[in-house]
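> Sequence lines, in order, name chains L and U. Each residue of the first sequence is one higher than the one before, counting from 1 in my numbering. Each residue of the second sequence is one higher than the one before, counting from 1 in my numbering.
Keep in mind that the hints were calculated from the coordinates and are not lab data. Some hints could be false.
No copy labels: a pair is met if it fits in one copy or bridges any two.
[Stated by the list, open to error] 20 Å max Cα-Cα, derived DMTMM-like pairs, lysine to aspartate or glutamate: (1) K194 / E209; (2) K224 / E45; (3) K101 / D375; (4) K194 / D60; (5) K53 / E6; (6) K154 / E284; (7) K112 / E354; (8) K112 / E125.
There are 2 protein chains.
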Amino acid sequence: MAVAEEAIAIGRRAREAAGALADLSTELKNQTLVAMAGGIEARQEFLLAENAKDVGSAGDKGLSKAVIDRLTLNPQRVAAMAAGIRDIVALPDPVRQVTRKWQRPNGLEVGKMRIPLGVITIIYEARPNVTADAASLCMKSGNAVILKGGSEAKFSNQAIGDVLREACVQAGAPEDAVQVVGSTDRAMIHELLKLEEYVDLIIPRGGEELIRFVAANSLVPVVKHYKGVCHVYVDSDADLDMAERISLNAKVQRPSVCNAMETLLVHEAVAPRFLPGVIDRLRESGVEVRGCEKTRALVDGVSPAREADWHEEYLDLVLAVRVVADMDEAIEHIREYGSDHTETIVTADRGKAEDFVARVNSSAVLVNASTRFNDGGELGLGAEIGISTSKIHAFGPMGLEELTSTKFFVFGDGQVRN
Amino acid sequence: MAVAEEAIAIGRRAREAAGALADLSTELKNQTLVAMAGGIEARQEFLLAENAKDVGSAGDKGLSKAVIDRLTLNPQRVAAMAAGIRDIVALPDPVRQVTRKWQRPNGLEVGKMRIPLGVITIIYEARPNVTADAASLCMKSGNAVILKGGSEAKFSNQAIGDVLREACVQAGAPEDAVQVVGSTDRAMIHELLKLEEYVDLIIPRGGEELIRFVAANSLVPVVKHYKGVCHVYVDSDADLDMAERISLNAKVQRPSVCNAMETLLVHEAVAPRFLPGVIDRLRESGVEVRGCEKTRALVDGVSPAREADWHEEYLDLVLAVRVVADMDEAIEHIREYGSDHTETIVTADRGKAEDFVARVNSSAVLVNASTRFNDGGELGLGAEIGISTSKIHAFGPMGLEELTSTKFFVFGDGQVRN
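Let's have the full structure, built from the sequences with the hints guiding it.
Here it is in structure tokens:
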């Protein structure tokens, strides 16, 4: 079959499954999730064997050690995949939730009710656990999912997909609720991006290049996750011990992720007391510090931060530091150089904290807490399918609710318009 | 200046204005709206004179009578424009509204707060009142707006834009909160669609061709409004007098709009009692009826409905009628042929009504009320900037809330991640 026809056939099957999924009870969706988790555990040997094929050819393809590590399954990771699916069972079903109700002067009772989006396509890279994570979130939210993983995880993704589809059939859900795209033809991604008639949303998960490619070529709406240039602002009224703990955690605990701090902004009134100590601690953890002139005047051996540093998402043990005159200057810096992802203020002044929260429009704005909490699990969404850095549809971590839309419903007793 | 550079300059100015708008108090935004309404009234003569230039050349361009009517301003329409702006003053400001709050086991207080989207581009056709409507909704929701109207309303749109910008300056809001694109170069629309760095959302308002063009060519997210193939289903338990009133209103009261009924579905148990009378009434109002075989067996002179009729958005005094075996068949018909816009069930059985509401996922699902109520004003949103028929970001009429996004906010007391 030609690639274009294959893509359309996948889209049609997904659309049909979505119709059936929208009607499923919470109970049946939960039973399907339990069957999925049980299937992943029961078929562990099969999954590891298929994964070994991918890992085996990964070396030949010249993939990096980090990519091979992300690709590799072992019994612990398979168990974690099953546990992740079971976690979704306990979350509230967003579908048919009434989010608001009101009455009109003519007696009409109006409300808004959550409904599934319909069909969601996920385009992702090396991690095979995304297959199970995304499929289970889509099942719970009543959406059919089309999963297009990277060719380096081809056997693993197909095997996980087979197990999840078996679970759907076993529990009485539509088999095509979950489809793993087998084709590794480069043209397939292009065809998937054209399925506007069948697909409601595309979520690309991977590097910036992949996301920009999908956004530029898709006829289907795309939720984008670009970079996270996250800031911590230490205010003149900050508890400086707390500020040090938060700064260290935000930079060092896991520097390679999008919600790690990249730039530290410090009020000039506390910079002389705060910066020497915190920079010492950061260096003890292996962090290279680049600073503005004021920072360099306060601490020895800080290399100069250039204009490009304020824009940079290092994703590494590197930090840019800038001394600012006040909170206004900190907010200006964030607006100029930030990526609308995550910002923290450390201050004991509740008024300033509320002002910062009101004025900074990043996807998460925190007071006296590490930037690392901008994560679906940590914020209490239960799980996340991704983080959106664009404001359309969803902004920040996307959980089950963000995989739904809302419809209006109206109860009348014969009203007509004049 | 080249068109591409002009577009980028417009985008930059809008982005800058958006930063200032996000900080404005509700009071200042309301004062700006009051100044806008006052300006429209005070400058009526200027607006009518500029409008006369457009209307004068409309004949030369061979525009239809209907288009010229939509284009024409008169004192009543100018007064209505000012009144429409004043209506927005009374609506609640969605910005900084906290939509939800919860607490995490580690003590973090988490919530979601509404924020402006940022910059919105509206691309529209002949009606100059859209300029004032869209600008006032964007002002209240804290968004900067780029308005690209049709060349046939060039002088009118520019004049309205000038008056609104004067009002912004007078009230202390940024002048570039409202920009009317003067260029009528065809290439300008293409350039506006590329401004992903500066624009958050594009709303095209006009015919399906315009909307498809924008959706296919835009790098910026687009809210789409395709056709409305709206259904009324008359159930076996319907009050047939009510069903007749609703059917007539849905078809006849204003047949040219998207929320008018296009197909009437009737339960076979009541079809013999219901159809002859309602079809008589419809014909008295000038409606041409096309029906399925069962309909034709019950009523004389009904022409046969073909497959294409079930898909058709007539926007005219034409109606397709089909007799169905039960509610399931009605829902199947709606899923097969509907456009996810508006559907009504007429029934006295509350259980069936709730089942219909739960299972039909159109943007508005009504019980015992005319389809014509799917409208921002009628549903109580105060005003609407458009109706979305896609489920991403907003579904159905879009009011002020739908012109916002939400951010997460977090108050902690020093929490860090382990």
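> Compare the structure with each hint and give your call.
How the hints compare with the structure:
1. For the identical chains of this complex, K194 and E209 are neighbours both inside a copy (19 Å) and across copies (18 Å), given an alpha-carbon limit of 20 Å.
2. Proximity of K224 and E45 under a CA criterion of 20 Å is satisfied in neither setting, with 36 Å inside one chain copy and 47 Å between copies.
3. Taking CA atoms no more than 20 Å apart as the test, K101 paired with D375 passes between copies only; the shortest distance there is 16 Å, against 30 Å inside one copy.
4. In this homomeric assembly, K194 and D60 never come within 20 Å of each other (Cα to Cα): the closest approach is 33 Å inside a single copy and 40 Å across copies.
5. Taking the shortest alpha-carbon separations for K53 and E6, neither the intra-copy value of 25 Å nor the inter-copy value of 54 Å comes in at or below 20 Å.
6. For a Cα distance limit of 20 Å, the shortest separation of K154 from E284 qualifies neither inside one copy, at 42 Å, nor across copies, at 65 Å.
7. With identical chains, the CA atoms of K112 and E354 are at most 20 Å apart between copies only, with a shortest distance of 14 Å across copies and 30 Å within one.
8. In this assembly of identical chains, K112 and E125 lie within 20 Å of each other by CA distance neither inside one copy nor across copies; the values are 36 Å within and 30 Å between.
Of the numbered hints listed earlier, those contradicted by the structure are 2, 4, 5, 6 and 8.
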